[in-house]
Structure formats: structure tokens, C-alpha cells
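Residue numbers (full-length UniProt numbering), protein chains in the order written: chain B, 1 to 399; chain Y, 1 to 399; chain Z, 1 to 399; chain V, 1 to 399.
Just so you know, not all the hints are guaranteed correct.
[As the list claims (entries may be wrong)] In silico DSS-like pairs for lysine-lysine, Cα to Cα no more than 27 Å straight-line:
hint: 1; chain 1: Y; residue 1: 248; chain 2: B; residue 2: 218
hint: 2; chain 1: V; residue 1: 218; chain 2: Z; residue 2: 248
hint: 3; chain 1: V; residue 1: 218; chain 2: Z; residue 2: 218
hint: 4; chain 1: B; residue 1: 248; chain 2: B; residue 2: 14
hint: 5; chain 1: B; residue 1: 180; chain 2: B; residue 2: 151
hint: 6; chain 1: Z; residue 1: 278; chain 2: V; residue 2: 218
hint: 7; chain 1: V; residue 1: 151; chain 2: Y; residue 2: 151
hint: 8; chain 1: B; residue 1: 180; chain 2: Y; residue 2: 248
hint: 9; chain 1: V; residue 1: 218; chain 2: Z; residue 2: 151
hint: 10; chain 1: V; residue 1: 180; chain 2: Y; residue 2: 278
hint: 11; chain 1: B; residue 1: 248; chain 2: Y; residue 2: 218
hint: 12; chain 1: Z; residue 1: 144; chain 2: V; residue 2: 278
Because the hints were derived from the structure by calculation, they are not lab data.
Chain by chain, the residues run as shown.
Protein chains: 4
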Amino acid sequence: MQQAQVRIGMIGYKFMGKAHSNAYRQVPFFYGGSAVPVLQAISGRDAEEAGAAARQLGWAEVETDWRRLIERDDIDVVDIATPNHMHAEMAIAALAAGKHVLCEKPLAMSLQEAKRMQEAAARSGKVNMLMHNYRFAPAVQFAKKLIEEGKLGRIRHIRAVYLNQSMIDPNRPFRWRLSKQMAGFGALGDIGSHIIDLARFLVGEFQEVSGLMETFVKQRPEADRSGQPDYSRMIPVDVDDAAAFLAKFECGAFGVFEATRYAGGNKNGNRFEINGEKGSVRWDFERMNELQVYFTDEDEAFRGFRTVNCTEAAHPYASAFWPPGHVLGYEHTFINLIHELVEGVARGTRPRPDFADGVNNQAVMEAVAQSAELGRRVRIAELMGPSSGEHAMFSHGKE
Amino acid sequence: MQQAQVRIGMIGYKFMGKAHSNAYRQVPFFYGGSAVPVLQAISGRDAEEAGAAARQLGWAEVETDWRRLIERDDIDVVDIATPNHMHAEMAIAALAAGKHVLCEKPLAMSLQEAKRMQEAAARSGKVNMLMHNYRFAPAVQFAKKLIEEGKLGRIRHIRAVYLNQSMIDPNRPFRWRLSKQMAGFGALGDIGSHIIDLARFLVGEFQEVSGLMETFVKQRPEADRSGQPDYSRMIPVDVDDAAAFLAKFECGAFGVFEATRYAGGNKNGNRFEINGEKGSVRWDFERMNELQVYFTDEDEAFRGFRTVNCTEAAHPYASAFWPPGHVLGYEHTFINLIHELVEGVARGTRPRPDFADGVNNQAVMEAVAQSAELGRRVRIAELMGPSSGEHAMFSHGKE
Amino acid sequence: MQQAQVRIGMIGYKFMGKAHSNAYRQVPFFYGGSAVPVLQAISGRDAEEAGAAARQLGWAEVETDWRRLIERDDIDVVDIATPNHMHAEMAIAALAAGKHVLCEKPLAMSLQEAKRMQEAAARSGKVNMLMHNYRFAPAVQFAKKLIEEGKLGRIRHIRAVYLNQSMIDPNRPFRWRLSKQMAGFGALGDIGSHIIDLARFLVGEFQEVSGLMETFVKQRPEADRSGQPDYSRMIPVDVDDAAAFLAKFECGAFGVFEATRYAGGNKNGNRFEINGEKGSVRWDFERMNELQVYFTDEDEAFRGFRTVNCTEAAHPYASAFWPPGHVLGYEHTFINLIHELVEGVARGTRPRPDFADGVNNQAVMEAVAQSAELGRRVRIAELMGPSSGEHAMFSHGKE
Amino acid sequence: MQQAQVRIGMIGYKFMGKAHSNAYRQVPFFYGGSAVPVLQAISGRDAEEAGAAARQLGWAEVETDWRRLIERDDIDVVDIATPNHMHAEMAIAALAAGKHVLCEKPLAMSLQEAKRMQEAAARSGKVNMLMHNYRFAPAVQFAKKLIEEGKLGRIRHIRAVYLNQSMIDPNRPFRWRLSKQMAGFGALGDIGSHIIDLARFLVGEFQEVSGLMETFVKQRPEADRSGQPDYSRMIPVDVDDAAAFLAKFECGAFGVFEATRYAGGNKNGNRFEINGEKGSVRWDFERMNELQVYFTDEDEAFRGFRTVNCTEAAHPYASAFWPPGHVLGYEHTFINLIHELVEGVARGTRPRPDFADGVNNQAVMEAVAQSAELGRRVRIAELMGPSSGEHAMFSHGKE
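Please put together the full structure from these sequences, using the hints given.
Right, here's the structure in full:
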């Protein structure tokens, strides 16, 4: 088989840049699919730093101006791995330049901005994806499969948390993720957006939410050059440290969600439980290879959650890697998503999550924030109009 | 030591009656404290059935009219183990008759009713307790101790669920717990009240809540004589199948709560996690002997939740029973609470949880229900006035 | 139903005496079977201490000479809860006096002694039981049921450990369990005997063993009156601190066993895993309500160990207690065994484990010790003759 | 920094070839160390199949004769990823040709063969490594660090298992791993060798063993071309299906080990627990990011195994990858070992495990097999002479 080349240009090269770069390099090794990503160029304002990153991460060239990157003829896909406030301008420009776009999450700073991005994507007809990597853990994909096949029956409940402890120390210096101007939301946008995306992926569209948000530490010292706190320069924190919300879904399910950076002992506690009339599943990213599965209709004597190690050929994406029981890690979620991206470019399909998903995710975040501010329940349709985005809700569990 | 006799009369003899009876019998065996409960009499309308229960459970006599029971001179404590709608009348009458009272939870059908009960209790000066047994698991008491000693620091978060699967089958017949007239609330009152009580015990008083409630199965068949569903007689379900709520506490903590009877795979999933600035704890009733404990200030290399098997002399109540590692079960939570009850009667102290706790618990439930109905946040003070009951909030983690 | 009285006399009243006493008191409450145990008398040399114990534990009378106890006409069952070196003399005398006998484990100080006890029991025709309580956890009984019904198929493997940390501190004073003269064996007899009994119960008779034993701390200080170590009086430890052995079973299964008092972090780590051709089970006493169950022939996508909370009516003994999900503790294993004892006495049946089981257990221990000493594999038949005791091996998993 | 090129030639390209190839590709990305592996050539007899593998796995060239591969001037390291019976000839030839050598485990078919390989390695002065990848999980390395720093004190116990279910189905066709001529040992060599290596790494050298081995299924059908069983051609299984052994270590520790391919429900159950006087650790490959850690000297109230997610900078190798809580998988153990290999080549150091480790591992296997056959304990010195190989035992926990 002749493999197409899919030439990538990436903006940004920090933590996410590393995770994306690794995935581009690993896709042909594990998938050997119809397309091979080529790590053409990255852009970064500091030529020296960007050059070092390019060498380390395996990129051929460097641009110091992202606008030059997106204008290059030898680039098919623009990958936006920058802070949130730059996503819209970059994505819209890249789409206008005829590029496919992969954007880090959350898609935008606001619902309005997200809609502009989605409209640009729709106009362009190009592949547009959003980096909600956790969808692509084999155990999560297997949960999706169980739900789509009706194995859990009509969904009654989802409860999902994303807990970390990144800001528990009040002396930790200010960083861009605590700034409304650069991040949009705090915990809600950074980690809450992942569980919103997982909920929509697994259970369908949200109908209404009641939200609560809190900023526990109202100001933090700036970091000095060595990264230490400089208490003479305190910066107000104007985003949420924690956000929680209750939800009803279009399918009738009942949801409870929480995202916080103050949950000591939780390093990357992205977890959910879904209860249907016929069965339940539980997942915890920290043990990401395992899906807990329960079936209601089994003999009472034998019923219990099973710990399914999702490394069998029967588990989505798993067979690209290692034999059963040889577990995967964080980076493999990126490899799977980017496999879908390059296949989508090569084959002209429309992989998801895409910008329309980003719009719907953003609408939920915005509804949560409005609800928290107003102290009342908010319907998604109040923000979106009656149809919540491009994607129809999937049906799970015919009745 | 001369042990005082504390003579008990109990109304009701089903599941809770059995749990209470066992506890009265076991208190002297394990505690040998200052008082010995005497299982004097139970009341039940059906003389034959009540007589059989009395023999099985170890009670000396039977009354067929609960009013006769509470009038007896040879009874010191009236134990009310009946459906919720009878609590108020029985408790107020018993207090009026000069008895100490132990009442099953939830205390009342409404906040107003709860307040009347509390006022009667306050007037009487008698011991009044509410059967929130889960407070008395050694692991929960140990969590309380850690919080009171400031080991967790300022509390940021509590998330608590009480999940079971009792009504997941839509063909299961109607029962009294599904009737507003007999139960007051559904999942909220039955199991939600336990996590409200645990939250107040561990974190302090609620300040405001946002609630969501749902009735998934709107009607159920009546049970025929053999307990089978009779589909010709459908009865509407007018209480909640599931309830969830977000909360702010007076101490500034942030709470997320959920109670449901539709969570397949969860037999008795009473669980919480509390995160403080200095540490966290997790508890799961299904592994009730274990408290997961995390300390923030330890060396990064060694940090992690510890599974503490709370059967050491250092763990409250544990040394009454067996050596370390010899685990306890459900019934021991009752034994511990009833130990406090009889000691309270014998020594003239005021053990908790009491009817004032019941008022505060009821206020939270009522606020949740109002919030769910109105679609807006509800402050406890709207229902209670600015001070939420008799008990001042305890302080946890001086700053 | 008219309930027969079964009158008990117990020798010893410490930890085991408390556990037995509680069980006698609880049997009628939970089982209400055909017989009611009567706590007639205990014996202890110190009249005052024994009297206090009798009051606390609920026994009517006290004898200061155990020989007087076993001669009493008003006693049906003699319960021997004394250190190991007294078992044989007491049991044989009690049987000779026409009593049924319950004996603490391990049965005897040697295989020869065990055989004498078993012969006395056989001659007497009386009920004779051995207090291997762990057989009577509902989860263990459920494992037995699965095996007997062939659900696990032909058994290939058992691996079992009994780990505690009771002697890990080398400064802990000497106690009788460290003396060959009083205990016979160390960890092997005290905790190893339990996993031998469980293995025989679940997998059948041992055929041969290879053993290894170790005494890590060769001498310990005597305890002074306050229980503190007196280093001027060091006493040699002449039993094993740890024992391990490999085994082949008559059914062809392969076994690996370990018992030690030096396994830090293990409070009461009595655990096993059994693998059959069709399925596997795992049990851990510290989470004694749970049986992990795995079935080989299920769809690869769904396979995994299930955590079965063994509190359903389908689980042996569970329905005597509480509703599903309301967990049991250590003491319930004693209640279940003693229920079998009193029913056996009342109905004239022969409940197990009995003295013949004790002989077979002792033969395994003795074979392990011989093997450890000789450095070679030892067949049980070398010690026992070709048939290993009274009980034929049960068959599990027809093929 | 100028990075040296380390040119690799690999023999074999199946499962292990894939795991090795991935690691060579990933080392520069994650480590960017002093050396860059160059995937120069692989050899395989079938030119077409080997060519396809080379393209997929990223190797520049193909040789169809391994002898040609090791003669190439442009190769620095020969990586032997072939069945066991070819290791010795290939390794000795490669060393003779002046190459560094990495060999898959187990090193050899016999102790004698292993010694010849080690002697060739010693003579050559070249880097020689053995692919015991599990040593290189960060959690295992962290356990090693704790032991070396004396945090666990004097080691009393190790118990380790390697359980899988690969041969549980008696209809699964014969494969090379079941042939003594190609594999040497069965479960003992394939998976048992890993836990022997881990035990030596963590606890030190073995002193004596008692072994038991079993072949449950004595013959299996040959696979036809489609991989299905052909029952007309049955092949005898002449290696062990399961092996277990008891051990004493030179440091006085007590060990219990088991390896089997018949443990249903265990996909890759490589697990150990180590108990020292001051602390304990537990590890399970299926949750490979976690080390359970227990410290004996902590307050009784707080003691319990902690679940340490070994993804912090404080955990060996972890910081090469992702931020805390972003878990690693199977393949990262290979990346870490191969990082040591190429650094060793570039810097002229002698990374381990090496062929001398392979000799010691082989001696233990051979002693186990002899013990199982003879039915008696076997000292390693009987096979090796008094010094068990090149490596002195490390000391852990000064006394």
C-alpha cells in the first residue's frame, strides 16, 4: 500500500507539544495506516528555544511567526498547542489558508468564539479536530461500544470528576491557567472540559445544568525568574479553582460533575461511573487500562463489577499495540486520536471530536458559569437555540 | 461497678427493629459500660407477628398499641423504628410521657414537623437521638478525629454519594418508601439523609444548596399477597428516585452530593471523600473498616492514599471488639450508637446525633427539594433563619 | 417449633473465649434454629478473673477446675479454648465423660496426639468440631459451592498466604505462642493451620509437600508484670516465625503456601487464589465479604475478576444476617460455625471440620516440618499410611 | 552536546523485536542523552517478511543471514530477539566480532551455556545486557531505591508470582515455548526468570531453593497453517507448565515464588511483596505505575499501605516522560533499559542486568529444576561453586 504523507505544522512545543509530537512519530509505527505524518515545522517566537525543541521532538524546521507557518505550502495540517486565548485567531487563519486543523482543548474562550471557529471549519470543509485525548483510551472506547450496543440499557446516571491537586499549595505562583484573559475558565475549562466531552461522547447532549464555582485562593504571587514566589507582586486569580454542576441530558439521564485543582492525593483523577438499566461501567484514568463493568441481569450470586483489562483484540485500538495484559499509558490516547486525524485527512472523512463538539462543550461550560453566577438552572438551549450544535445526539439503548 | 438498667420499649420490629435489638443485646457484651439495656417490650399491631418477633429478637413483652407502650412505667427509652410518617406523633407523645427517645432517620416528614419534635425534646430535657448509624463506623469516627485535630487543615471539598440499586428494576412493586405520604422524600430522605448527616458531622453546617431530583419510573405495580407485581393496579411514585445537590458550607467548603436507587452494581455505596489543605480522606461503607488517608505535606516520593484498617486501639470504638485486623460489620455501627444512647441515659449526658441534628438535616433536604423545584439556589437560612439550629458548627483546621 | 437446649461449658475465656461466647449468644438471634445454646459454665483457675469474665461474657457459672466442668451433668458440649498443649487431655477427658466437644485449632501438638483425639471422638460417637472459623465466611462457602458445582472446572492451582505482623518488632516480649512446649508449632500451627484447612476444604487432600521454616528472632525478652520487655531474662524462641511449603494435591492441583508473623502492613492477611480450568476465585479476609470470581469461558471482551459482595440470599449463611450490601465481620464466621455445632448436637449430625479434619491438617503440618528439617519432599502417606484420614477427598469439577 | 550514534543490528522481529524497535526509536525523544540509537539493520531468513517488518518498525536495511549482520562494520550493538536456543551461538559470535550485545531473556538453555556466554562477554570487554525489562518500571526502581537506602530495614520476606493464562486452554496448539529443545524451560524460563531477576535485583543472591514443577497438559495438537489445532498430530510438551520454589537468600531473607501459565484471570500478573523490618512494598505489573509502600515505625493510627503513583520527579526514570499522574505503560520499561544500553555503549560503562546476572538467574532456574526432579533442597553453590557469579550481593538495610 502506498502511504500518503500528511505534513504537519505545530504551533507551541511545551507539554502538549511534546505529547502531540510523540503521537505523530508513533502513529506509523503502531498503525502503519494509509497515511504517514511528516513533522514538517513548528513555530515559536524564541528561535533558539524553538530550535532546541524541534531537535528534541523531531521536527524538521522552525518558524518564529505562526502566520508564516500556516502560509507554508508544504503543510497540510496545523496543530494548535498554545494557550486558549490564541486558539480562535490561529484556527480561523489556518482554515482560511486551506489547512486542516487540530486544536488543543478547550476550543475557545467563549461560546461565541467557538461558534466562529466552527463556522470557519464548516465553510472550509477541512478536517477539524479537538484534542480531547481521553476519549481514546481503549477502556473509554469500549465503554462507548457497550453503550452503543445497548449493553447498559437506557442510561440513568453519569457521575464524573476530574480531580487534581495542582493548586493546593497557596504559595504556588500564578500561572497563565489562572488568568481569565488567557485561559477563559479555570478548572472548568482545563479539566472540566474533558469530563464534559466524555459525558457527551458517552451519554449524549446536555439539556440543562446547575453550576457552582469557587475560587479558594484569590491571589497568588508572581513567579520570579527562577520560578519562586515573589510575594511583593500578588496577582488576582480571576478564574475558578473548582467547578461542579448537576445536569439533565436530552436522553433523560441525570449527571453530576466536579472539577477541582484542590483535591489532595489525586494526581490525575479523571473518573466516571455510568449506570444504565442493564449495566454499569466505571473508569479511572489513573488505572486507565481497566474498565469496571457490571451487568444487572446476571445471576444474583455472581454479580459484581468486573475489572476488565482492556488490552484484548476485542477492545478498540488495543491491538495496535501489545499483547493482552501489556498495558498502555497516557501517551497512547494521543496516538489513537492522531491516528484518526491523519486517516481523516488521507481518506477525506470527518473524525471527531471536532469543532462542533467544541461548540457544544463550550456551551455547557458557559451554561455552568452562567448558572453559578445567576444562582439558577440554565438550559443549554438558552445559549444555543433549541438544537445544541451540529451533532445529533447518539442513541444508546433502544427501549 | 453497679450497672444501671436502661429499659427499652421499641415500636416496630422489621429490618431496623432487628438491627436495634441486636445492638441492645450486644452493648453490655462488648462495652460492659455503666448501663445495661433491658429489652422490655415491643409494640406491633399484629399480636401474633409481634410475639414471634419478640421471641426471635429477645424482647420480654409485646404491646399491640404503641400508645400503651409509651405509657408503661417500666420503660425508660422509646425506640421508634417505624416508617417516617409516624415518627413525629410517636416521638412527641413519648417525650410527653417522660421517656428518652431514639428515632429512626429521617427524623420527620418536613422541616416544620422536625422542629416540633426538636422543641418537644428540648422542653423535655430527655435524651433524644437519631439513628444515623454510619457516623459510628470506627473509620468515620477516625476521619472526624483527624479533622478536629486539624490534620487535614482547612476543608476545601467534600464529595459524597449514597448509591444503591434497589429500584433499578421497573417491575419491582410499589412499596411505602415510594410514597410521599409515608416517606416524605424518596432517595433523598432514605439514603441522602445519611450523607447529609455525615457531611454535617465531618465538615459542619450547610449554607446553601442547588438541587436536582428525578423520578425515573413514574408508576409501579402494587404487590400482590405473594409479593409479585400486579400490573392491573399501578400506583404513582410521587417521591424522588434520585437526588443530587451542590453545596457551600459555612466553613467555606464546597460540596457535591448524590443519592440514587438506580446505580446498578452498588449494593450499599455510601462513600465520601474530603479534601483539606493538609490532607484528604476517603471512605466506602462496603469496605467500612478502611479509611484512605492522604497527607499533603509528606515527601513527594512517598505520598499516596494509605489504606488504614481502622481496627487498632487508636481508632475510636475499635478496641471494644476484636484485635487489630479482625474486621467489623454493619451491625457494629448500631452497637456503638446505642452504647452512646444508654450511657447518655445513665449518665445524664446529651449524645448526638440528636433531634436538633435532625432539624438541620431536614432543613438541608427541604432546601434541596425547594431548589430542585424552583430551579434556583436556596440558602438554608431562608428556611431556618440565620442560625441553622441548636448546634454551632464545629471548627476544623484552625488557620 | 420447640427448640432444644444445648448446654455449653467452656474452658478458657481470653480472646477466643470472647469470640466463642459471642457466637453462642448470637446463634439464636440470627438463626433461631432447632437448638438454643445455653451458656452454662466456664472454667478458669483464677476464680476472680473467671468470675469477671463470666459476667462480662454472659456465662451463668464458674468452675475453677476444668475436670469438674466436664463432669457436670448439666453440660452437653465442652468447648476447649485453651493453649494448644492442653487440647488433647481435655478433649479426650470430655469425650470420655460423654460430652460433645468443640476444640480450638490447631487440634493437637503432634500428629500422634491428634490421632488419639480423633480415635476418642470416633469411639464416643459424639459431635466433635475444630474451630477453623474462616471456612464459615460466606464468601469462602460460596467459593466451595462454585468448586463443588464444577464452575471452576478441574483445579490447577491454589496459592494461599496467612500474613500478619505480630512479631515484627524484635523487642516484643516472649509469649506462649513462641514456645514449642505450649504451641507445638509457631506461625505454621497458629495461622498456617488455617490455610491448610481452607485448602483441604476447597481443593481436597494434600499428597506431598516441600517445606521451609525460619526463626528470624532467636530469643526474646520475657515480659515483666506490666507487659514490658525485661532484657535480663531472654527466652529462646523454639518455633517457626515463618513457614512456607509447596504441595501437590491428590486431585492433581499444585499448591503454594506461606504463613508468617513478619509481614509488615498485613494485619490479618488470610488470602487465597484458586485457578481452575474454567474459572478462578480470590479471597482476602481483610475484605472478607468479597469474593473475586473469574470465568474463563466468557467473551474475551468482558472477562475480568468480578468483585462479588457475598451478602445475597444466594450466598451461604448470608441471609441469616442483614440485607444485601450490609456487610459482616470477623465474629460472624464464629456464629456460623457454632450454628452448625448446635444443630449437629440437636439433630445428631456430624458437622465439619471435625477431629478427623484436625488429623489431616496436623499431618500436613508435620510433613511440612519434617520436610523443612530434612531438606526433602515428604509424602503425607509416609506419615499417615496411604489413606489420609477418615474423610475421602471431595471431587471438584468432573471432566 | 554532540550525540554519539549507536548503530543497532537486531536479529528477530516478532513481539520482542517490535518492543525493542520502539524503544530504540523513543530513547532520543524522551532522553536526548549522550547517544542516539540508529536502527541500521535487522536480520530474518524470510527476506519478504523481514523487509515488511523493517519498513513497519523503522529499520534501514535487512540481512537474511544473521551471521552477515554481525559481521557488518556499520553495526555497534547486536540485539538478539530470537528464541532461546539461538542465544548462545549468536551472542558469542557477536562478541567475537567485537559487538556489544543485548540478549533477550532467559540468557541461555543451561547454566553451562550461560557461563560460556558470560565468559565470552567478559573476555570481550563489551557492553552486554539481558532484557529483563521489568527492572525498569519506575515503581520497581523506586522499590530498589527504598531498599538500598535502608528504608525497609533488614529484608525478611519476598513473595513473587508471575501468573498468566496463556496455556489454560488444553486445545491451544503447541508452540516453540513448550519445547525443551527450543525454550529450555517452560513457565520457569519464560516468566519465572523475570521474578528471579527482580528478586536478585531487589533482595540479593539466592542461597538455596526447593522446587516443584508440573506439566498439566502433556501433549498438544500441532497448529495447522491457519493456526488451528490439528488433533491428528499431537506433540508432547516436555517443559513445565508451572513452577514454584521456596528460597533462602544470602542476606537471610525468605522467598516464595511461583510462575504458571494456568492462572485464569491473570493476563500479566507479575507481582511481588517484600517485607522488611522497617517497611514493606508491593507491586503488580498490571498496575505498574503504582508502588504500595508501608512503613512500620509510623503511628499505629495512620499506618497502612500507601498507593504511590510513581510518576513524580522523585521516582527513577519518571521525569523523562510526562507530568505527575500521567501514567506509563509496558513499552516504557524497554525504553528505560535501552536508554541504559546506549548510554553504556557511548560512555563505556557497564549497565546491568548483564550476562553475569544471566548466569546467576540461570543457576537459580537450574537449581529449581534439579530440586524439583530430585525432591530435595538444592544449594546454588552446588551448581556454581561458593561465589554465585561476578556480582557481589548488594547490602540492604545495614544492621
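Here is how each hint holds up against the structure:
1. 248/Y - 218/B: Roughly 17 Å separates the two Cα atoms, so the pair holds.
2. 218/V - 248/Z: holds (17 Å)
3. 218/V - 218/Z: violated (46 Å)
4. 248/B - 14/B: Violated - the C-alpha atoms of residue 14/B and residue 248/B are around 37 Å apart, more than 27 Å.
5. 180/B - 151/B: At roughly 42 Å apart (the allowed maximum being 27 Å), residue 151/B and residue 180/B break the hint.
6. 278/Z - 218/V: holds (18 Å)
7. 151/V - 151/Y: holds (25 Å)
8. 180/B - 248/Y: Status holds; Cα separation ~23 Å.
9. 218/V - 151/Z: With Cα atoms ~23 Å apart, residue 218/V and residue 151/Z stay inside 27 Å; holds.
10. 180/V - 278/Y: violated (58 Å)
11. 248/B - 218/Y: holds (17 Å)
12. 144/Z - 278/V: Violated, because 37 Å separates the two Cα atoms, which is more than 27 Å.
Violated hints for the displayed structure, listed by number in ascending order: 3, 4, 5, 10, 12.
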